[in-house]
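Participant: Going line by line, the protein sequences match chains R and A. Each residue of the first sequence is one higher than the last, beginning at 15 in the working numbering. Each residue of the second sequence is one higher than the last, beginning at 312 in the working numbering.
Derived by calculation from the structure, the hints in this document are not laboratory data. No residue lacks a Cβ here, since even glycine has one placed at the ideal position from N, Cα and C. Any given hint could turn out to be false.
[What the hints assert, rightly or not] Taking lysine-lysine and the BS3-like style, the derived pairs with C-alpha atoms no more than 30 Å apart in a straight line are:
| # | chain 1 | residue 1 | chain 2 | residue 2 |
| --- | --- | --- | --- | --- |
| 1 | R | 63 | R | 83 |
| 2 | A | 381 | A | 320 |
| 3 | A | 381 | R | 83 |
| 4 | A | 368 | A | 325 |
| 5 | R | 63 | A | 325 |
| 6 | A | 320 | A | 382 |
| 7 | R | 63 | R | 82 |
| 8 | A | 381 | A | 368 |
| 9 | R | 63 | A | 368 |
[To be verified] Covered, in the sense of this in silico footprint (three residues per stretch, anywhere, with C-beta under 8 Å from a C-beta of chain R), are these stretches of chain A:
| # | segment |
| --- | --- |
| 10 | 324–338 |
| 11 | 409–422 |
[Stated by the list, open to error] Pair by pair, the computed Cβ-Cβ distance ranges are:
| # | chain 1 | residue 1 | chain 2 | residue 2 | range |
| --- | --- | --- | --- | --- | --- |
| 12 | A | 407 | R | 128 | 21 to 27 Å |
| 13 | A | 339 | R | 91 | 43 to 49 Å |
| 14 | A | 341 | R | 43 | 36 to 42 Å |
| 15 | R | 128 | A | 362 | 34 to 40 Å |
| 16 | R | 31 | A | 361 | 41 to 47 Å |
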Amino acid sequence: AQSVTQLGSHVSVSEGALVLLRCNYSSSVPPYLFWYVQYPNQGLQLLLKYTSAATLVKGINGFEAEFKKSETSFHLTKPSAHMSDAAEYFCAVSDLGTGRRALTFGSGTRLQVQP
Amino acid sequence: NAGVTQTPKFRVLKTGQSMTLLCAQDMNHEYMYWYRQDPGMGLRLIHYSVGEGTTAKGEVPDGYNVSRLKKQNFLLGLESAAPSQTSVYFCASGRGVDTDTQYFGPGTRLTVL
C-alpha cells in the first residue's frame, strides 16, 4: 500500500521568501505523486504531478517539486512567496494495484504568507 | 463546462436525520469518488465508482451509502446522521488512469448536531 507523510501542519513565510513544503512517500512500487492546493472554502486544484517522466516537475503559479527516490521525497518549492499563495497544500499518491485509481492524501500543510 | 458540481454547499442536520449529497460531472469520466476532509487528517476515501451502476467501499464507508444510476451523477447518502459525520465532503472524478488528474468539486460542508 502507498502512503504519504507531510511534515509540518503549518508553515509561515514572509512574502518574497522561499516556500518549502515537505512530503515523503512510502511505496513498494514506483509511485505517482501529486500536489494539490486548496484555497479557503474551495475545492482542490492540481498544482503538479510526477508520473516518472522527469524528476523535476514544474506546476502552476511558479511551484515545482523534485522526486528523489533515494530520499523517498517529493517536496514542493517556490522561490518567492506571494500573499496569494496562502492556502492548504496536500501531497497525494495514486493507489497503484488496487483498481480504485483513487488517491491517498497526506494530512495537509497550511501555508501562511506574512507581509 | 462546469466540471464537477456538488449540491448542497452547506447543510445542518440533527442526529438521526437523513440526507443525500449530489455530485455531477460533465467530463464523461468513468470513475467517481467521495472523500471526506477532517482537520489534520487530509482527505479520506468513503466510496467510489468505476462506472455507471457500480459502487465500492473505500477506507471509511460506515454510515454512508452511494448510488451511480447515471454516469454523470454520484450520490452519497446518510441514512441516520451522527455527529461524527460532521465534515466537509468532496466529490471527484477521473478517467481511471493512475497518472491522471482527479477533478474535485467545491465541497459540501455538513454539520450534524
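Participant: Assess, step by step, whether the Cα of residue 368 of chain A is no farther than 30 Å from the Cα of residue 325 of chain A, and give holds or violated.
Facilitator: holds, 25 Å
Participant: Given the hint of 34 to 40 Å, is the C-beta distance from residue 128 of chain R to residue 362 of chain A inside that range or not?
Facilitator: About 47 Å separates the Cβ atoms of residue 128 of chain R and residue 362 of chain A, which means 34 to 40 Å is violated.
Participant: Per the hint of 41 to 47 Å, is the separation of the Cβ atoms of residue 31 of chain R and residue 361 of chain A within bounds?
Facilitator: Between residue 31 of chain R and residue 361 of chain A, where Cβ atoms are some 44 Å apart, the hint holds.
Participant: Taking 8 Å as the Cβ threshold, is the statement that the segment 324–338 of chain A is covered by chain R upheld or broken by the three-residue rule?
Facilitator: That given contact is violated, which follows from only 0 residues of the segment 324–338 of chain A lying within Cβ reach (below 8 Å) of chain R.
Participant: Taken at face value, is the distance from the CA of residue 325 of chain A to the CA of residue 63 of chain R at most 30 Å?
Facilitator: Since the Cα atoms of residue 63 of chain R and residue 325 of chain A sit roughly 40 Å apart, the hinted pair is violated (cutoff 30 Å).
Participant: Does the Cβ-Cβ separation between residue 339 of chain A and residue 91 of chain R fall within 43 to 49 Å?
Facilitator: violated, 35 Å
Participant: Return holds or violated for the Cβ distance of residue 407 of chain A and residue 128 of chain R against the range 21 to 27 Å.
Facilitator: violated, 42 Å
Participant: Hey, residue 320 of chain A versus residue 382 of chain A, does the alpha-carbon distance stay inside 30 Å?
Facilitator: holds, 22 Å
Participant: For a C-alpha distance cap of 30 Å, please report whether residue 63 of chain R and residue 82 of chain R respect it.
Facilitator: This hinted pair holds, its Cα atoms lying about 14 Å apart.
Participant: Between the alpha carbons of residue 381 of chain A and residue 320 of chain A, is the straight-line distance 30 Å or under?
Facilitator: Given that 30 Å is the threshold and the Cα spacing comes to 21 Å, the pair holds.
Participant: Tell me whether the statement that chain R covers the segment 409–422 of chain A is true, taking a Cβ distance below 8 Å and needing three residues at minimum.
Facilitator: Three-residue rule met by the segment 409–422 of chain A, so holds; n is 9.
Participant: Checking one constraint from the list: CA of residue 63 of chain R to CA of residue 83 of chain R, max 30 Å. Satisfied?
Facilitator: holds, 15 Å
Checked against the numbered hints above, the structure violates hints 3, 5, 10, 12, 13, 14 and 15; every other hint is satisfied.
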